[in-house]
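Trainee: Sequence:
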Amino acid sequence: MNLSSNWTPLTMPRPAASPAPHPNAISLELAFTAANTLALVAWSLLVARTHVANNARPNNRDELLKIAKVTRLAEQGVRFTAIVFAVAYFGALAAYVVTSGVGVGVFGSFSSLQGIKSLFANDVVLLGGWLHYLAFDLVVASHGALNEGQYGVPRALTIGLSLPLSFIAGPVGYLCSRCLVRVYSRRTTQ
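Position 58, counted from 1, in the sequence shown is what my numbering calls 333; the numbers after and before it change by one each time, with no gaps.
The reader is advised that the hints may include incorrect statements.
[Unchecked claim] What follows is a set of in silico ranges between Cβ atoms, one per label pair, in the way DEER data are often shown:
(1) Gly435 <-> Tyr408: 14 to 24 Å
(2) Ser393 <-> Leu340: 50 to 60 Å
(3) Gln389 <-> Ile342: 47 to 57 Å
(4) Lys344 <-> Lys392: 18 to 28 Å
(5) Ile391 <-> His418: 25 to 35 Å
In short, the hints are calculated from the structure, not lab data. By construction, the Cβ of each residue, glycine as well, lies at the ideal position given by its N, Cα and C atoms.
Starting from the given sequences, assemble the full structure and let the hints guide the process.
Mentor: In structure tokens, the structure reads:
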């Protein structure tokens with residue numbers, strides 16, 4: 276019996292060919308880096324605003340005005356960042372619709388998991404999705420932090436729990452924020 280004639284070597288499957296890089300890959304990478312940097316600045320402003328606003332015990336009118344100015348500037352920075360992300364997201368989405376040739380028919384791709392997978396194979400759409408994520412989580416966290424401050428949630432819980440959860444897993448942070456507001460709103464009414 277000759278085993279060598281029936282033997283075939285085991286070969287590792289070759290990885291699928293990588294898609295060709297997007298023609299604007301360098302500028303997309305730069306946009307991604309800029310968005311991440313801007314997001315970190317905005318989240319830092321959000322934490323600072325939460326800390327100052329929830330920790331403020333002004334002794335006089337001048338201190339109160341300074342605190343109000345700092346919190347207002349930080350809040351405006353957070354809102355401005357969210358608007359920048361929203362505009363950039365819209366631009367990425369519009370660029371994809373215009374350059375891909377699919378037109379508004381692209382929205383049919385959201386009807387299946389495979390459709391979404393094929394959409395996100397495009398770098399422009401992937402960047403747009405990331406901008407959507409950054410903007411949405413920032414807005415949700417900002418509103419949550421404001422609500423928590425209004426209902427007397429300790430800033431340690433806001434800064435140490437709901438903001439990090441909103442940053443990492445937006446919907447979980449939102450749920451945490453709503454639970455904290457619910458618990459502390461009951462405490463203030465009793």
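Trainee: All hints are to be evaluated individually against the structure, with a verdict given for each.
Mentor: Going down the list of hints, with the structure as the test:
One distance hint, 14 to 24 Å for the beta-carbon pair Gly435 and Tyr408, holds here, with the actual separation near 22 Å. In this structure, Ser393 and Leu340 meet the distance hint of 50 to 60 Å, their C-beta atoms being roughly 54 Å apart. Checking the proposed 47 to 57 Å range against Gln389 and Ile342 shows it holds: the Cβ atoms sit about 52 Å from each other. A beta carbon spacing of about 47 Å between Lys344 and Lys392 contradicts the range 18 to 28 Å that was offered as a hint.
Distance hint check: the CB atoms of Ile391 and His418 are about 27 Å apart, consistent with the given range 25 to 35 Å.
Going down the numbered hints, you'll see the structure goes against just number 4.
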